[in-house]
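> Listed below, chain by chain, are the residues.
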Amino acid sequence: MLSRRDLLSKCIALGVVTVSSNLSTSALASAWQQAEAKAPTPAAELGPFYKRDAPSTASLRAASDPGIPLTVAGLVFDTRGEKLEGAKVEVWQTDHTGHYDLKGFRYRAALIADNSGKYSFNSVMPGHYPGRVCQHIHFAVTAPGHQPLVTQLYFATDPVFEGDPYKNYTRDPLCRSRELVRPVVLKGDPDAIMANVNFELVLERL
Amino acid sequence: MRSRTFLLLLLITAFAAPSHSQQLRAGAKLQSPVPIVYATTCLNGNQVVGIGKDGDVYTWSAPFGQPRHFHSADARVGTVSCSADGKWTAAGLRNGTVLVLNSESGIAQRLDVTQHDLQAIAFSADGTLLAVATNDSPTQLWDVQKGQRLATGTTILGASTAVAFASGNNMYVSADEDTTLRAYDRSGKSLFKTEADNLEPFAVVFTPDGKQFAVAGAGGTITLFDAATGHKLKTSKTNGNPIFNLMMAPSGGQVAALELDDYRLEPAAITIWDIKSNELRKLAVDVKTVVGAGTDKSNLILIQSDGPNALSLWTVQ
Numbered sequence: 651m652l653s654r655r656d657l658l659s660k661c662i663a664l665g666v667v668t669v670s671s672n673l674s675t676s677a678l679a680s681a682w683q684q685a686e687a688k689a690p691t692p693a694a695e696l697g698p699f700y701k702r703d704a705p706s707t708a709s710l711r712a713a714s715d716p717g718i719p720l721t722v723a724g725l726v727f728d729t730r731g732e733k734l735e736g737a738k739v740e741v742w743q744t745d746h747t748g749h750y751d752l753k754g755f756r757y758r759a760a761l762i763a764d765n766s767g768k769y770s771f772n773s774v775m776p777g778h779y780p781g782r783v784c785q786h787i788h789f790a791v792t793a794p795g796h797q798p799l800v801t802q803l804y805f806a807t808d809p810v811f812e813g814d815p816y817k818n819y820t821r822d823p824l825c826r827s828r829e830l831v832r833p834v835v836l837k838g839d840p841d842a843i844m845a846n847v848n849f850e851l852v853l854e855r856l
Numbered sequence: 009m010r011s012r013t014f015l016l017l018l019l020i021t022a023f024a025a026p027s028h029s030q031q032l033r034a035g036a037k038l039q040s041p042v043p044i045v046y047a048t049t050c051l052n053g054n055q056v057v058g059i060g061k062d063g064d065v066y067t068w069s070a071p072f073g074q075p076r077h078f079h080s081a082d083a084r085v086g087t088v089s090c091s092a093d094g095k096w097t098a099a100g101l102r103n104g105t106v107l108v109l110n111s112e113s114g115i116a117q118r119l120d121v122t123q124h125d126l127q128a129i130a131f132s133a134d135g136t137l138l139a140v141a142t143n144d145s146p147t148q149l150w151d152v153q154k155g156q157r158l159a160t161g162t163t164i165l166g167a168s169t170a171v172a173f174a175s176g177n178n179m180y181v182s183a184d185e186d187t188t189l190r191a192y193d194r195s196g197k198s199l200f201k202t203e204a205d206n207l208e209p210f211a212v213v214f215t216p217d218g219k220q221f222a223v224a225g226a227g228g229t230i231t232l233f234d235a236a237t238g239h240k241l242k243t244s245k246t247n248g249n250p251i252f253n254l255m256m257a258p259s260g261g262q263v264a265a266l267e268l269d270d271y272r273l274e275p276a277a278i279t280i281w282d283i284k285s286n287e288l289r290k291l292a293v294d295v296k297t298v299v300g301a302g303t304d305k306s307n308l309i310l311i312q313s314d315g316p317n318a319l320s321l322w323t324v325q
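Line by line, the protein sequences are chains A and B.
Taking our numbering, the leading residue of the first sequence gets 651, the next gets one more, and so forth.
Taking our numbering, the leading residue of the second sequence gets 9, the next gets one more, and so forth.
Read the hints as simulated data drawn from the structure, not as lab findings.
All figures in this text were calculated on a predicted structure; none of them were measured in a lab.
No false leads were mixed into what you were given.
To give an idea of the chain A side of the interface with chain B (calculated C-beta under 8 Å), a few residues:
#	residue
1	781
2	798
3	800
Backbone N, C-alpha and C fix where the C-beta goes; we use that ideal spot for every residue, glycine too.
Construct all of the structure, not just a fragment, from the sequences and the given hints.
Take a look at the structure:
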């Protein structure tokens, strides 16, 4: 249970109230919740190549793997804006040519959000394949007391979007929300580009 | 990523002349006003029900003259199933509604199952219950006559991909996206859960006596389970392709499997698993022309497109 002082300091930090506030504890709590409330991450289909028991590694990419190196990181929240330490984040994707590994666990991992709710992993930019329009990474996120979240991450740099993902995201009929198309920060030399994506995950409480 | 219906629609990709082999015996030929993208049999092979390229339902009855035609003004039909006695056909619309059709009078019941696409529909053997696998929730159980949802299953993650009822009416099995197979009784109460492997299952089918069920999916093997306990009895070899549909022979001794290539998600092969010998054989057939499978009284039947306006039935020897 947060004290009035805790709430006040959080609200001040968020710019919700000023230092001279004389709001009651309940009003502070309400203001804080409104300020931090987050919309749940839109859901997407799970299948068809989800695989249980993926290894708990943040390094999906071996040093010699072809393809554009990619780092995906983000925080896991609930809809009240509380960080979900210990949330399980399962990810799976194709290699850079668009092939899923069905026999083993290449480009599959089960991660645990740290004590600040953060997860991250290194991989490669997934490829396109004939049965699907866009590059994507699958996510399945679970945390006790919360609705499981099944979703997919898309990349604003995907050529399918022709530079305008907010207009063209529906070119993939399975991409139902523009919020799932994330900006990609490209760094490095032209012949050694690295991609970075931030993908925040928000779960609904049960 | 995919719905099973979508994958079935991929089967329309070609209308090449069917291949003939000693493994298949030619049966009836059916005329169709439109190309058929999916079909199956009912009533011991005396009825064929299919989905046209136009999203309508076509039903042929022996001796297979002109088909009955059903058009839904609400949405295209994406999946279809019929009761064992052939009296009822369940048409799953792309808007998440299931229409239960009576062969005499048309729409008998409208079930508002979901607002998304449907994966699979299965009647209980007595035709009184429907189990529906959907894209966005675990399998639902419906009372056909009352039009009421009786139960919704559970999953840890995701929805369900396939469902099948046992012939004894006493249970159904849902193949779920979280890689689990869940068995329920006819009131929707959980009986047990089990797993074939750690990849998604896409198809489930019971033996005719209802004592065993077979499951296949992304792992490419077919696994036979004891329906009373959920214990694994036997697993087939694999050709390395995911399996998206199964059909059990009336003898219970063979299972036909539709394999798709895991990159293009196009039909790759139809294989027959002989459960007793554990032999896995590929049928010499142009798989891109096969639009479905079924059974007659004693054999597996393949249903093949024979051009845009005809279907051929082939008995698997």
